[in-house]
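The lines below spell out each chain.
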Amino acid sequence: MWIIEKHYKVLIFLPLLVLLLALVQIGFQYQQTGAPLQKGISLTGGYSLAVAQAPLMDVEDIQIALQEQFDQQILVRGVQERGQLAGIIVESDATTFEQTSALREAVVALYGDTLSTEFISEETTGANLGNTFYQDMIKALIIAFIVMGIVVFILFRTIIPSIAVILAAFADIVVTIAIANMLGVQFSTGGLAALLMLIGYSVDTDIMLTNRMLKQHRMPIKERLTGAFQTGMLMTGTTLVAVLIALLVSDSAVISQIMLIIFIGLCVDAFFTWLANAGLLLWYVKRGKHHER
Amino acid sequence: MKDKIVSIIKHPRVILLLVCIVVALLLIQPTFTHQGVAIRHVQQDGAAHQAGIPIPTSDQVRALQWERILHINDERIDDVTMYFSFIDNAQPGDLLDITTNRNTYLVRVEAHNETNQTLDIGLDVVNAPTNKIRKGLDLQGGTRVLLRPEGNITDDEFEHLRDILELRLNMFGLSDIRVTVVRNLPQAIGGVPQFIMVEIAGINIAEVQELIASQGKFEGYVGDTLVFGSGQRDVSIPRGTGNSGITTCGPSADGGFVCSYFLNIVLSQEAARRQADATRPLQIVTDGGRYLSEDLRLFLDDELMNELRISADLRGSATNHIQITGSGEGSTEREARQDAIANMRQMQNILQTGSLPVSLHIEKADTISPTLGSAFIRNSLLVGLLAILGVVSVILIRYRRPIIAIPVIITGLVEVLLVLAAAVVLQWQLDLAAIAGIIIVIGSSVDHQIVIIDQTLRSTSLSETWKQRVKRAFAIILGAYITTVAALLPLLFFGAGLLKGFALTTIVGVTLGVLITRPAFAVMMEVLLSDEKS
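Protein chains in written order, with my numbering: chain A, 121 to 413; chain B, 64 to 597.
Chain B extracted, bound-state conformation:
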């Protein structure tokens, strides 16, 4: 028996399999130590924020980068349910000693000053990831909205729309946002964009729907007069260098640094005239420079975004070209410069995209709570386990030899492992449909293994060599494989890509199976059953 195992391991196909297993484990990086719950979002001015818990920044998009709560009041927090049991039982005035992987915070539970109801401390948490596999909406909880723009718009306009949506969502301080353009076919073969998909952490679907469904309304006011915006293409950014940049940097009043930027924009004739009319009656004030008595105030959906000073020389002139200035701050000059550049880019983005007059229609909106998401994961693991046990029982009943059953289990499990590793590499998210795909990969794997086993065990009255039998087995397998892949390929794009997870896991799973795990299984069968052949 030992010799058999050694000869199996030495075979190149099996070596390839073992290498793949190691690579897969390295990619997935499972951890078994206590990870706690990860903080996905911190509500501004909530009790937690006041205690100093930092809001995840927009570049900390992946759960692995978020701060994690490990203990509350010296009790270990293992999952979201435990976290909530603390929060739900907290009374106003209670002090929560929250220890994270980075710091400790003392959070005081507050009550609403009118209703006296206990206020939530303002943390949005999810179970901390224990591996690098990304979870989709169904498993992590969150909101997904599929939007269709009214009318026909071009590819570029679609991208602009995507940018502006992401910008607006970022402005609201939401982290973990994915805004993507959904096409009906890959761009390379002429696919056109159909929808924009927005996926957000948190389950405030009402807020999200209001946020997204309202049209992007960008307006500029001088005093009370509307100068530009509101649907017309009044503002554009001129191309070429020299139209934006940092002007000066210097120390600020509070000991830090401040840098100023400038940004040239072009107004339409109509808007320019309106501006001339609005600025003509204004006074000049001197305040570190000569400016007009009213500022140019920029509103995004009726919320004040920016107040920009208007240079005195622009009074009454119908200039198309306007130079907007703004600033950025920091504790060092370099920080101030970076902040200024970031603000400038944000302005460019808004000006360039904010005035697109396209209304969005919500085609689909789903929310799942994180608790339910975790429940689904546990349930799926149970299903997988029981399914494998069931399949192995059937195999044992039929062949009555554990020597066959064990490689079957190993092969099946390895295929699942490889699919999960592929998910990490390709950065796609696992959702319920993907899990269904995995179960189907197990089924297909077992089917093909049975074909291989039976070919191996066939009586030698056929006088076929080992190679011929394996060739026949794989001819059968290949035909079935191509059909399966062809059947599922369209799913990658049809259905707004919502079944992408199902198609991807199944296709990748069976491909890796046919190329790597099932040939290795054939080798195992040859060696282990070699005495049966004679």
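Bound-form chain A, shown alone:
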């Protein structure tokens, strides 16, 4: 903690640099795909068929066989369970009923017709709907930010600390998206919802930090920071553990993506809260011995 206390003025440039790099990555992504993040099937439209039974052939062979039969783009992924191939997920940009049922029949045939419908799950999303979802979620993110800004300002009634919290949350989202892009994450509606949740979690620690720094007047600044750091790291730590466990143990693709995004986001949040937000607050408090109230 003393590192921050001593060098906060310099250290603040590190988060700024990271933010800049993230913005560059996103700009690059935008140029490539027209969106700041990679959209999965539930946002672009398409068909996803999950079979919870080990296939008779290799995943690559299945993909080749299917691609030969159909014009649409087809992607086949394997599902691992305890180190073994336990199922497959077939994704394609097919949207009409004829296309999806044809693809379904082809997959069943590849299983030698020994497939019971018990083990099949399908999901079709129209392109229109996918796009609507995407637009809706972006709107929701913006609304969330605005509300957060208002709440924070009402709570602290000072400009700079409020801006610090908002910036930290903004940076959280931006850097998380950039990292997810680099990891090749294809966002589903769940993944975007996780971003919304991230705002909540990030604000938890930032508000706690700001409150402790600004309002505990009788405590020396260093102690305020150290105390806040201990509390904050514990908060982030426990949530990280819960989310990591869910990520590793859950079989559901929806839950896994939500937890992955939150995990990345929390790590990023720790970085930004304690380097940037804390630094800004330190500067603010030391500068004016912030008026006692």
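Do not rely on the hints blindly, as some may be mistaken.
[Unchecked claim] Cut-off 25 angstroms, straight-line C-alpha distance, at most; resulting in silico cross-link-like pairs (PhoX-like, lysine-lysine):
hint, chain 1, residue 1, chain 2, residue 2
1, B, 530, B, 67
2, B, 534, B, 73
3, B, 530, A, 335
4, A, 342, B, 534
5, B, 65, B, 530
6, B, 534, A, 335
Since the hints were derived computationally from the structure, they do not count as laboratory data.
Take the given structure of chain A and dock chain B to it, following the hints.
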């Protein structure tokens, strides 16, 4: 220690918490006795139906009302997997002695007469519910289809569309159907309907898609001539009383009773003329009254629905007003009357809604099998358990005092319990997104508890009173709470409400937490850590 616990329990906040726990348990009503598998649907004329197993009626919508299979051939059936292991191993000619919570049935397994393949006995089963929590598609299995009508239609037309879809699905004998209109915002603040969502038990998505995607085609034929229907607004129901009702009731030929109803309908001029042209060349027959030689046959999507006799006086006349008659039967007069009324209402519905010329576009279609759904539930419970263990370990490592860890576990678990009880009260369904919401509520709960703990343990060099510290803790908590709720509120409506479960569980969970469980936790901390303060 005992005094501490007593003083905790006596505190009003904690009493409130305990009351809520009891209410929650009463609402959820968990059962621990053997429940078997519930019969969701029985295929008409399948082996099971022939053995006498009744088809669930359309008003038995909730799983708690369905008949449950407890034993097959004296072996206990605990879940869907066991049921299927019996069915999959059955050979044609086998006799299955099926015992349910209401009766016993002897089902003979049959084979297809041409291919000799073993035929399924025609039962759609799900794991019997052991509590009152309703499970969504992801956890129970089923089909969900999101439909968008072509073109712009009004609110009323949306509702009509919803009615007709439900009617058609009911006609096919499917139980456990939910057809809802999805809006982008609540109606109260100007939300417009966007989609119609159909959720059906069973995973025959192909059938469902065909059923729904085909346009509602309602037609009336006299002989081979099309008189009305097929997209034009030919038929409407006049308003006001006196346009429908029961005419007579009397004993029927087979010892029961039969009641007749009448229903006035209005044809468009065009349709009336067509009817005149079609009925003019017909003969009159006498058969308990004077009727025309051809009936008015009503078809819904090319399937014959009703055959109605045409009164002789209507021959050749271009009347707009037509009186349709039909009947209902029953073993008592009262039953016959009720059946007649039901049939009449069904006719009204069809006539009123069947001719809407709107085609539907499938925007989204999902199916999950029930086996996978059960697997998800088990997996989620495991995740929840391990997550709690993980969190508690971290807390123990940090504070090194079980006296802190135990209230943390209790508080977290109670919040989950309260959310589940809220789900029962508000009758919403739990799906995977909702489970993700619950995990997040646990995370938020622990965060806030840590804020409270740290405030409590702060050294007294601050000379803040207990009340002041708690106030500070809750100021922090409140700010975070409002932000979280605001961030998730839009999800209740955006995204066609598919993430509603996530938003609802999280919002309700953290709200109940901030109002009930976390203040109670603060009390626990104050009492248990009171010796640390000095």
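A quick look at each hint next to the structure:
Distance restraint check for residue 530 of chain B and residue 67 of chain B: the Cα-Cα separation of roughly 19 angstroms lies within the 25 angstroms cut-off, and the hinted pair is therefore satisfied. Using a Cα cut-off of 25 angstroms, the hinted pair residue 534 of chain B and residue 73 of chain B holds, with the two alpha carbons roughly 21 angstroms apart. At roughly 16 angstroms between alpha-carbon atoms, residue 530 of chain B and residue 335 of chain A fall within 25 angstroms of each other, so this suggested pair holds. As the CA atoms of residue 342 of chain A and residue 534 of chain B are separated by approximately 23 angstroms, the hinted pair is consistent with the 25 angstroms bound.
Proximity of residue 65 of chain B to residue 530 of chain B is assessed by CA-CA distance (about 24 angstroms); at most 25 angstroms being required, the pair is judged to hold. Between residue 534 of chain B and residue 335 of chain A the alpha-carbon distance is near 12 angstroms, which keeps this suggested pair within the 25 angstroms criterion.
No hint from the list above goes unmet by this structure.
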